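With the hints as constraints, model all of the structure from the sequences given.
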Amino acid sequence: MFFRNNDLVIVVGSGRFGSSVANSLSLSGFDVTVIDKDEKSFLRLPPSFGGYEIIGDATDVDILLSAGINKAHMLVASTNSDNVNSLIAQIASRIFSVKKIFARFGENDKLELTDGFNVVPICPFSLSLNEFCLQTGLKNAEAGK
Amino acid sequence: MRIAVAGGRTEAVFLAEMLLKKNYFIVLINSDTRFCESIAAKFEKARIIMGDPRKLSVLKAAEINGFDIIISLCEEDADNLAICQMGKIMLGIEKNVCIVKNPKNVEIFKSLGVNHVISSAYTLANMLEQVSTVENLVQTLPIEEGNIVLTELTVDYGSPAAQRCVKDIEGFPKNSIISCLIRNSGITVPNGSTVILPGDKLVIVSSREASETAEFALSGKK
Numbered sequence: 613m614f615f616r617n618n619d620l621v622i623v624v625g626s627g628r629f630g631s632s633v634a635n636s637l638s639l640s641g642f643d644v645t646v647i648d649k650d651e652k653s654f655l656r657l658p659p660s661f662g663g664y665e666i667i668g669d670a671t672d673v674d675i676l677l678s679a680g681i682n683k684a685h686m687l688v689a690s691t692n693s694d695n696v697n698s699l700i701a702q703i704a705s706r707i708f709s710v711k712k713i714f715a716r717f718g719e720n721d722k723l724e725l726t727d728g729f730n731v732v733p734i735c736p737f738s739l740s741l742n743e744f745c746l747q748t749g750l751k752n753a754e755a756g757k
Numbered sequence: 044m045r046i047a048v049a050g051g052r053t054e055a056v057f058l059a060e061m062l063l064k065k066n067y068f069i070v071l072i073n074s075d076t077r078f079c080e081s082i083a084a085k086f087e088k089a090r091i092i093m094g095d096p097r098k099l100s101v102l103k104a105a106e107i108n109g110f111d112i113i114i115s116l117c118e119e120d121a122d123n124l125a126i127c128q129m130g131k132i133m134l135g136i137e138k139n140v141c142i143v144k145n146p147k148n149v150e151i152f153k154s155l156g157v158n159h160v161i162s163s164a165y166t167l168a169n170m171l172e173q174v175s176t177v178e179n180l181v182q183t184l185p186i187e188e189g190n191i192v193l194t195e196l197t198v199d200y201g202s203p204a205a206q207r208c209v210k211d212i213e214g215f216p217k218n219s220i221i222s223c224l225i226r227n228s229g230i231t232v233p234n235g236s237t238v239i240l241p242g243d244k245l246v247i248v249s250s251r252e253a254s255e256t257a258e259f260a261l262s263g264k265k
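Chain order of the listed sequences is A and B.
Residue numbers for the first sequence follow this note's numbering, beginning at 613 and rising by one.
Residue numbers for the second sequence follow this note's numbering, beginning at 44 and rising by one.
Because the hints were derived from the structure by calculation, they are not lab data.
None of the values given here were measured: they were computed from a predicted structure.
Errors might be hidden in some of the hints.
Claimed, not checked - If you want a taste of the chain B side facing chain A, the calculated C-beta under 8 Å gives, among others: (1) 99; (2) 101; (3) 124; (4) 145; (5) 251; (6) 253; (7) 256.
Every residue gets a Cβ at the ideal spot worked out from N, C-alpha and C, and that includes glycine.
Structure, rendered in structure tokens:
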């Protein structure tokens, strides 16, 4: 792994992906803080989850600050809005110089917006297509786009 | 000049009216069918695109490549940033303007490449700073690049100018004049022998240097 244990990780959006990422990181020994607008979303985290939970809008800098973004080594933007993920990833990169940033994008039309930022995009669509092509040996028509 | 307006309702209509008067070519993009129909009937010269402006495919279909300005008026701040950035990076629209709900995003969006970010709360806060002491019912308006200051002030019972003739007010500076006195919604231009009463509203014109002294002489507060 590219970071030490006990490093602080912020996960924004506690959906299926976000909550699983948060739990995996927590089990591996990272300090994890999860931010979500909706308190109910935290129910997706298992009772054994050892990290922190913050209810709030993570596009508000004050919420990110209260989650400790100044000290964070990694941020995962996994809300259900591509534009929100893009904004949070850009704030983390440009303003707080977070070293490792992941952003989930449901559509791959806006990947260019985070070009030039140290943001690793995760696109379920592309990943599924890659996997399909890999399993079937078909040529990936979307590759290189 | 060619301008694209993404989202917005009353703001979009207001802008469209203003921009069409100046004979600019405008494209309005909105996802609300009814709204699009009503503005299409209202603005014959504008191009109306029905679709979600937050999507790149819609912006591309609107054929706004190389336009001069894109204005984004969506509800969510994150959407407005994305639209401005898509305009700049993917559609070659160099200038952009957007609104934000969260005033803290004004500085952030500027650092992320938006040219003009407008927040009503941010603008209000800046205006309040200029209106020096709100609680003393003093309003100031700088004119001529701030060299002349127009001050509006209400005289209360404790003020040193109350029950005095204008000429007897202590410490009233030279480059300053009480240009107008408002009493019981009647307006008079006071002279030296006009008596100032508590409750009177005064409009003072002064030089920048004299404005605070004048305010102090009339209200007793700084």
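Hints, one by one, checked against the model:
Contact between residue 99/B and chain A, as hinted, is supported at the beta carbon level, the nearest pair being about 4 Å apart and thus within 8 Å. Restraint check, residue 101/B versus chain A: the minimum CB separation of about 10 Å is more than 8 Å; hint violated. Taken as an interface hint, residue 124/B checks out: its beta carbon lies about 5 Å from the nearest beta carbon of chain A, inside 8 Å. The beta carbon of residue 145/B comes within 6 Å of a beta carbon in chain A, closer than 8 Å, and the hint placing it at the interface holds.
Evaluation of the residue 251/B hint against chain A yields a violated restraint, the C-beta minimum of about 36 Å exceeding 8 Å. The beta carbon of residue 253/B is not positioned within 8 Å of any beta carbon in chain A (closest approach about 41 Å), and the interface hint is therefore violated. For residue 256/B, the interface hint is violated, the least distance from its beta-carbon to any beta-carbon of chain A being 40 Å, above 8 Å.
Checked against the numbered hints above, the structure breaks hints 2, 5, 6, 7 and satisfies the rest.
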